[in-house]
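Residue numbers (the working numbering), protein chains in the order written: chain B, 267 to 444; chain Z, 4 to 170; chain E, 2 to 192.
Among the hints, erroneous ones may be present.
Each computed DSS-like pair below joins lysine-lysine, with the alpha-carbon atoms no more than 30 Å apart [as the list claims (entries may be wrong)]: (1) Lys191(E) to Lys442(B); (2) Lys191(E) to Lys131(E); (3) Lys168(Z) to Lys442(B).
What the hints contain is simulated information worked out from the structure, not anything from laboratory work.
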Amino acid sequence: MPSTYTLISSNVLTSSAASVTFSAIPSTYTDLVLRMSARTDSAPGNNASYILASINSTTTSGSFTVLSMNSASTAAFSFNATANTNWLGAANGGGSTANTFSNVELYLPSYTASQNKPMSVSSVFENNATAIGSGGPWGAFAELWSNTAAITSIAMTLSGGYNFVSGSSFYLYGIKNS
Amino acid sequence: MPTTYEPIATTTLGSAASSITFSSIPATYTDLRIVFVGNCVSASRYLALTFNADLLTNYSMTYLAGDGTSAVSSRRTNDTVLYSNNYSGSSITIPQMITADVFSYAGATNKTTLFTTASDKNGSGTTDVAVGLWRSTSAITSIALTYVATANIAAGSIATLYGIKNA
Amino acid sequence: MLNSLVGILSGGGAGAAASSYESIATVVGNASASTITFSSIPSTYVALQVRFISRRNTGGNASNNALNLTFNGGGTSIYTTHEIQANGSTVASRAPNTNGNEIILTNGTAGSNQTANVMSVGILDIQDYKSTTRNKTIRYVAGNESNGVDTGYFTLSSGLYAATTAITSITFTNTNPFTTSSVFSLYGIKG
Numbered sequence: 267m268p269s270t271y272t273l274i275s276s277n278v279l280t281s282s283a284a285s286v287t288f289s290a291i292p293s294t295y296t297d298l299v300l301r302m303s304a305r306t307d308s309a310p311g312n313n314a315s316y317i318l319a320s321i322n323s324t325t326t327s328g329s330f331t332v333l334s335m336n337s338a339s340t341a342a343f344s345f346n347a348t349a350n351t352n353w354l355g356a357a358n359g360g361g362s363t364a365n366t367f368s369n370v371e372l373y374l375p376s377y378t379a380s381q382n383k384p385m386s387v388s389s390v391f392e393n394n395a396t397a398i399g400s401g402g403p404w405g406a407f408a409e410l411w412s413n414t415a416a417i418t419s420i421a422m423t424l425s426g427g428y429n430f431v432s433g434s435s436f437y438l439y440g441i442k443n444s
Numbered sequence: 004m005p006t007t008y009e010p011i012a013t014t015t016l017g018s019a020a021s022s023i024t025f026s027s028i029p030a031t032y033t034d035l036r037i038v039f040v041g042n043c044v045s046a047s048r049y050l051a052l053t054f055n056a057d058l059l060t061n062y063s064m065t066y067l068a069g070d071g072t073s074a075v076s077s078r079r080t081n082d083t084v085l086y087s088n089n090y091s092g093s094s095i096t097i098p099q100m101i102t103a104d105v106f107s108y109a110g111a112t113n114k115t116t117l118f119t120t121a122s123d124k125n126g127s128g129t130t131d132v133a134v135g136l137w138r139s140t141s142a143i144t145s146i147a148l149t150y151v152a153t154a155n156i157a158a159g160s161i162a163t164l165y166g167i168k169n170a
Numbered sequence: 002m003l004n005s006l007v008g009i010l011s012g013g014g015a016g017a018a019a020s021s022y023e024s025i026a027t028v029v030g031n032a033s034a035s036t037i038t039f040s041s042i043p044s045t046y047v048a049l050q051v052r053f054i055s056r057r058n059t060g061g062n063a064s065n066n067a068l069n070l071t072f073n074g075g076g077t078s079i080y081t082t083h084e085i086q087a088n089g090s091t092v093a094s095r096a097p098n099t100n101g102n103e104i105i106l107t108n109g110t111a112g113s114n115q116t117a118n119v120m121s122v123g124i125l126d127i128q129d130y131k132s133t134t135r136n137k138t139i140r141y142v143a144g145n146e147s148n149g150v151d152t153g154y155f156t157l158s159s160g161l162y163a164a165t166t167a168i169t170s171i172t173f174t175n176t177n178p179f180t181t182s183s184v185f186s187l188y189g190i191k192g
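Put together the whole structure using the sequences plus the hints.
Shown next as structure tokens:
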């Protein structure tokens, strides 16, 4: 019996990069899991950036609902967006604690099914201060890719046009349900 | 001997059905994980779990949801099923995904489950997390998935039960 | 069209591909120790996950109890925690500590005077735990539910271990001994 939880591909950056792409994703699994840990080269005033995902090279089929927090002194909040890339979570920004990278997991079930694709993201980043910082990519995300095609590629960039720094890591796993 | 993370059973609905049931669940794992992707034939319904066909008021849950505007929390008690979420519910046309992690399902304590629901509806919808309780010290041997208030699970919906085995 | 129900026999069988998700160790409470430690964690993975159920054997405090999380035997002023906690009525966002001596895992343990057999449950994820150039960020979810007898809670947290050393041990500390029904399981994820 094939393994249930299998590494498909990984990318650990040894130099900064504007994008990270998983392409030619095989259709032999049921679900995908993407585990990421990232940091950007953003300006000192920026604590975090969003990891943006273009699925199958589309940029307007994504929508999402976010539950998030910024600091202990402001209330948890929520927002949503449509006609977008998908927002897959956080990368620590240049303004956050040095040598600190985010911790993100995307679960994408039934990625080859002929239906629109819901997915969930659990995303956190840390900053050694009471406030995590503005931007909001900390928390739980409900994502939707409104496209019935099988997913064959995921290309990730950063909000603000920043780069992923060296050491940022990305691991794509396939989950097989039988 | 089971491997650490493996599928126990999976169901894909070729036609709408009132429930998806996993039965004869072996006691050989530590935790269970259910991954569901699908729709309900009616809007604003909530996917719920029933353990061992227990339909008494032995279920409760506390949830946290982001509804696109604010973060909200509420609770359900003395239910006859275990709600996975309880805010905006299902869509007829847009599938949702729900994961349920059932801890120590074969142990002698009450059974606690952590839920995640991703139900974005392209301009509305919610992201939900919840903790649920089945007040029973019996080992879980069956799990039924239904939508409440009663409505069929739509054709094309998929549910998979995984077992996770510790060292 | 018929529904498709596939039951899969347990067991990897001959010739199974190697799994990326492996169990490493399990520690069960013994009603006398207030700490649970995983030590000599191998460096063969890229991520660790701990899944647990937990309750105090003594010490009261109904439902909103925390565990303290430390790595590599401790460390002073190198831990920070942030969280969202929901209690069935309100949602709070907090920074339980900054520059502290532990990561605070809110709702990490049920109290000894809660309804019998009610447990807290949680999942802790640590990515790139063996890095020697990066601090460690943990992701944590936990819940405690008791049908309204005590306040139920769901907590989503992040934690910072500001140390660029590989994690070789993980310690969960309770204020009172863990029950014998408390189980902590460590898993490794390969990359």
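How the hints compare with the structure:
1. Lys191(E) to Lys442(B): 16 Å, holds
2. Lys191(E) to Lys131(E): Judged against 30 Å, a Cα distance of about 12 Å means the pair holds.
3. Lys168(Z) to Lys442(B): 17 Å, holds
Against the hints set out earlier in the document, no violation occurs for any number.
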